Amino acid sequence: MVKISPRPFDPWAEAREYQHAAAQMTGKFGATNLFVGTMRDFNEGDDVVGMTLEYYPGMTERALENIVREAGERWPIIDALVVHRVGDIRPGEPIVLVAVWTSHRGDAFDAARHIMEALKSRAPFWKKEWLKAKGERWVARNTDGYLKSE
Amino acid sequence: MSIKVRYFASLKERIGRAEEDAAIAEPVTAKALWRQCVPELPPPEQILVAINLEYADWDSLVRDGDEVAFFPPVTGG
Numbered sequence: 001m002v003k004i005s006p007r008p009f010d011p012w013a014e015a016r017e018y019q020h021a022a023a024q025m026t027g028k029f030g031a032t033n034l035f036v037g038t039m040r041d042f043n044e045g046d047d048v049v050g051m052t053l054e055y056y057p058g059m060t061e062r063a064l065e066n067i068v069r070e071a072g073e074r075w076p077i078i079d080a081l082v083v084h085r086v087g088d089i090r091p092g093e094p095i096v097l098v099a100v101w102t103s104h105r106g107d108a109f110d111a112a113r114h115i116m117e118a119l120k121s122r123a124p125f126w127k128k129e130w131l132k133a134k135g136e137r138w139v140a141r142n143t144d145g146y147l148k149s150e
Numbered sequence: 001m002s003i004k005v006r007y008f009a010s011l012k013e014r015i016g017r018a019e020e021d022a023a024i025a026e027p028v029t030a031k032a033l034w035r036q037c038v039p040e041l042p043p044p045e046q047i048l049v050a051i052n053l054e055y056a057d058w059d060s061l062v063r064d065g066d067e068v069a070f071f072p073p074v075t076g077g
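The listed protein sequences correspond, in order, to chains A and B.
For reference, each letter of the first sequence is one residue, going 1 to 150 in this note's numbering.
For reference, each letter of the second sequence is one residue, going 1 to 77 in this note's numbering.
Possibly wrong hints are sitting among the right ones.
[Stated by the list, open to error] Listed below are several chain B residues computed to face chain A (Cβ distance under 10 Å; list not exhaustive):
| # | residue |
| --- | --- |
| 1 | Ser10 |
| 2 | Gln46 |
| 3 | Trp58 |
| 4 | Thr75 |
Bear in mind the hints are in silico, worked out from the structure with no lab data behind them.
For clarity, every value in this text was computed on a predicted model and none was experimentally measured.
Glycine is no exception: its CB is placed at the ideal position from the N, C-alpha and C atoms.
Modelling step: build the complete structure from the supplied sequences, incorporating the hints.
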């Protein structure tokens, strides 16, 4: 399932409630992988006090659904949940949840990673940061998800 | 024939509008539609195109009733 949230959401509650409601999964999955992306208060050397996340209603949901479906063609996913925040966001608030349920852990890790990286490169979301010292700026490009921190 | 044209994020701010309706006499490429709607700006290389909510090429044909979106590289998640 794919959800767009214009308000703050609790990723842990979302995953727990989704798993609880999906009774058909009971006993079927051995692995649950959750990824939560949370807003930082810094980026590219600047203090960031908030941001606005713009999206394309209709296309964004469709892009996310396509990404989850494609992952399901590559890995034996029992179920998946993607929740993505939009609108005005503050540091510390979750931006995205990717939850994947599979029989075995390797598939859960790999499928969730794939969904997350595909989401970053293909789903229509755009970030405008509110900088503490320099006003607003659009984020020009994504950081590489496989890049290690210094 | 009428096309709904939408702009997003920094591109929307740069050209000063979020959407408009464009009249075309026959199917045209996305690039030709851009030139018609945004004559003051050459099609920026990094700008992406979507037709009816799916990614498309600048050379894709746009037809009556289509919704076309132009937007910068995505940065969400």
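Tested hints:
| no. | hint | in the structure |
| --- | --- | --- |
| 1 | Ser10 | holds, 4 Å |
| 2 | Gln46 | holds, 9 Å |
| 3 | Trp58 | violated, 17 Å |
| 4 | Thr75 | holds, 4 Å |
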